[in-house]
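Novice: Hey, can you work out the whole structure from these sequences and the hints?
2 protein chains.
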Amino acid sequence: MTGSAEEIYQATCSAPVNIAVIKYWGKRDTSLILPTNDSLSVTLDQDHLRSVTTARADPSFGDLSSYPDADAAAAHLTDRLWLNGEEELIKPDGRLRRCIDEMRKLRAAKESKDPSLASLSKWGLRICSENNFPTAAGLASSASGFAALIASLAALYELQPEVSSSQLSRIARQGSGSACRSLFGGYVAWQGGKEADGSDSLAVEVAPKSHWPDLHALICVVSDAKKGTPSTAGMQRTVQTSPLLQHRIKEVVPERMAKITEAIQKRDFDTFAAITMADSNNFHACCLDTSPPIFYMNDVSRSIVQLVEEINRASEAEGLGKKLAYTYDAGPNAVLYAPKENMPAILQTIRHYFPSADFDDTFNILGNGANASHRGAQEPQGLPSDLPKGFNQGVIPVHEPGSVRRLIHTQVGGSPRVLERGAGSEALLKDDGTPLRLARVKRA
Amino acid sequence: MTGSAEEIYQATCSAPVNIAVIKYWGKRDTSLILPTNDSLSVTLDQDHLRSVTTARADPSFGDLSSYPDADAAAAHLTDRLWLNGEEELIKPDGRLRRCIDEMRKLRAAKESKDPSLASLSKWGLRICSENNFPTAAGLASSASGFAALIASLAALYELQPEVSSSQLSRIARQGSGSACRSLFGGYVAWQGGKEADGSDSLAVEVAPKSHWPDLHALICVVSDAKKGTPSTAGMQRTVQTSPLLQHRIKEVVPERMAKITEAIQKRDFDTFAAITMADSNNFHACCLDTSPPIFYMNDVSRSIVQLVEEINRASEAEGLGKKLAYTYDAGPNAVLYAPKENMPAILQTIRHYFPSADFDDTFNILGNGANASHRGAQEPQGLPSDLPKGFNQGVIPVHEPGSVRRLIHTQVGGSPRVLERGAGSEALLKDDGTPLRLARVKRA
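So the sequence lines, in the order shown, correspond to chains A and B.
First residue of the first sequence? That's 605 in our numbering, and the numbers climb one at a time after it.
First residue of the second sequence? That's 605 in our numbering, and the numbers climb one at a time after it.
I should point out that these hints are in silico values taken from the structure, not numbers from a laboratory.
Among the hints, a few may not be true.
Where chains are identical, the list cannot tell them apart; a pair therefore holds if satisfied intra-copy or between any two copies.
Computed cross-link-like contacts, DSS-like style, restricted to lysine-lysine with a CA-CA straight-line distance of at most 30 Å [as the list claims (entries may be wrong)]:
#1 813 - 870
#2 854 - 798
#3 944 - 870
#4 695 - 714
#5 813 - 695
#6 798 - 631
#7 854 - 631
#8 870 - 993
#9 863 - 631
#10 709 - 1034
Everything numeric in this text was worked out from a predicted model, so none of it was measured.
Specialist: Below, the structure is given as structure tokens:
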């Protein structure tokens, strides 16, 4: 059967950003996106950072059933996709194509088992995706974006629960490696796997958000003049030229994966923080060991490292544990992880040394109303009274205003959400299958 | 016999700075200063950078022969030492003490074989040492300083040729590890050795300056607000905490020592440059992999790396070889190695991107008279006409004037020199055994 004119087959889902604490760097298969090592991440709260995708199937977008030869017909399918209001070309052998085709196959299998189902697998798609955070935030949007794509197609095609999230993660991985980790909430491992076909390279939940809900994150968006090396190109250069990366892959990461997994299960922040910082440094060390060397951290990034290390040193000198941890992805931005109760003091300390950062007060710490956003120059705060006694205030200078451009306070969050099935207020597509919003400015 | 009143037993020697291309980082024995890996350096020209030391022995400074029990008597010996016009305390179990005692033992052995010799080994010493480069130049002076100390005592005690330079290097090593490499000219390897007593941890000549005389060096002194971690403390923290260092020690360095030695023997600058840059990055990667991480390079250091990599990339794209190599020790300063003929263009390029660096024109490239020193703001030079065609001028921005504070142009140089035996114009000691010059300002 085909869908009746009245019926609208559409789903809108959101997916979270994830920030790795054991880093993914290097592919053993660049086309299937199979990593050289396992990685582990914390999923961030979709209330603050998310990608939203609406996916819709309709025979009017193209209908395979009217073509005897499915292969030839595939060419007639007119799937279209918009990202942040700009149409993205779905290249025949590209990552978007592969993800969509894999999802369509799963739907086709479901339809073949139950002929009463509408033959969505044969219909063209309209997909519209938006991030609620500007690219300027310096956060990789590909992970949450591909996760939202896969989640929305899974909802549209009603694949779950028969198809598990881990199975879906295997498909998301082929869109963007770290996207596989954004299909779960809480604490997530990407098992690199051994198989050449990637069948065992997928994400699994290490612990749900509910197991350790009070882990907070402060994203410090660092101003940077020039763009660094794109990670896709950079990681393969490291694989080819860094003698240290091989040691990281064989020895360093396996041991740390085991230790940090145990730390998460025990809610042992001290160990979690130590491994998180060590692995961030180990990853950037391998970038530096690349020829030519790859630099992502800059002097401001390094100042944040030195500040965090000094806070922790002073705290441990008092017989207390670590207060926070830093981690850096392929850019100068710091992500600081800390128990909820430490965050107000950390926030004030960061705002003291890095004045006038735009601050998204998502937890209403400054008390100016929930989600108040504080922009531009701000009153000097001074340092918090509850810093460890031995803390050396001169560890780094107070930086130029705006050296840290923006602060985003968030926390560990849940898995992708189905916001809406069918048409409705959440949809990013209009009834005619065109985007609700189109980008004003064309990309350069 | 003892020295007659008239006779002055004194020697004045100079010793060179050396800059490693395979880095020394980590000790297997901190008291004997035995390294975790071999290293290799280029000796720089003493005409431009040197330490000078005058050593004098005289019975009036204390005389062991008047004490039956040499051990007790040793305490009565009143050796004194001045460094850059300030007296340095010779601590009983310190590095200076050990070096002086080892040299004195060698003299005593010589005297015991030939009783006609003056018994200098029984007399107190006066030692005065100066560097011709300011500490502000950011160059480690301990290597050239301890090498000059050992060389001057060797000349005073007339130990050579019976005692070889490698034997002397074993003693210099116990003053400052890399000092052992400053006892040779040209291209020098420090063989880390295997023995627990350090008997096989010494320097050897890989090739003399005459074998490859046209290698030049440009030292870029980079302004840096705060002092980095002292290398003595830093390297042991790396040994204790960096998983990558172990791989560097076991796998990376041995292979590179063999390859760069061969490159030097063949005067193969391309391979020499590739290994030099890779090992500098590998060393700093291990510093970054330390917990807490150690940062020596800053944003200016990294800009110089990116500039050098781009010049080489563009040159290789034209089918030509690498033009130059960078290397960084435990600080932000770059040392650029290049064949003599490349240096004028390199110099002009560096002065374009890093304006108003004080420049010591030791090779009279700017034609304002030999060794003219150009201070402060300077005319913009523009880029040289003979840069590789494909060179991307936007690879780094033109930096703030003074981002590179000073440029020192020098070349591969020879071994320590005996400037003078007995009293004379070169001596840093007055006839009464006190320093010719005393520091005006006391050290903070």
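Novice: Indicate which option fits the pair residue 813, residue 870 if close means a Cα-Cα distance not exceeding 30 Å: within, between, both or neither.
Specialist: within (14 Å within a copy, 61 Å between copies)
Novice: When no copy is named, should residue 709 and residue 1034 be tagged within, between, both, or neither for a Cα gap of at most 30 Å?
Specialist: within (26 Å within a copy, 93 Å between copies)
Novice: How would you classify residue 863 and residue 631 at a CA-CA limit of 30 Å: within, between, both, or neither?
Specialist: both (23 Å within a copy, 29 Å between copies)
Novice: Please sort residue 870 with residue 993 into within, between, both or neither, judging by C-alpha distance up to 30 Å.
Specialist: within (28 Å within a copy, 59 Å between copies)
Novice: When Cα atoms must be at most 30 Å apart, do residue 813 and residue 695 count as within-copy, between-copy, both, or neither?
Specialist: Neither: 37 Å inside a chain and 59 Å across chains, both beyond 30 Å.
Novice: From the Cα coordinates, with 30 Å as the cut-off, is the pair residue 854 and residue 631 best called within, between, both, or neither?
Specialist: both (14 Å within a copy, 25 Å between copies)
Novice: Go through the copies and call it for residue 854 and residue 798: within, between, both or neither, with a Cα cutoff of 30 Å.
Specialist: Classified as both: same-chain Cα gap 13 Å, cross-chain 28 Å, threshold 30 Å.
Novice: Pop the pair residue 944 and residue 870 into one bin, within, between, both or neither, using alpha-carbon distances up to 30 Å.
Specialist: within (17 Å within a copy, 61 Å between copies)
Novice: Checking residue 695 and residue 714: alpha-carbon separation at most 30 Å within a copy, between copies, both or neither?
Specialist: Within. Shortest intra-copy distance 26 Å satisfies the 30 Å Cα cut-off; inter-copy 83 Å does not.
Novice: Under a CA distance limit of 30 Å, which applies to residue 798 and residue 631: within one copy, between copies, both, or neither?
Specialist: within (12 Å within a copy, 39 Å between copies)
Hint compliance for this structure: hint 5 alone is broken.
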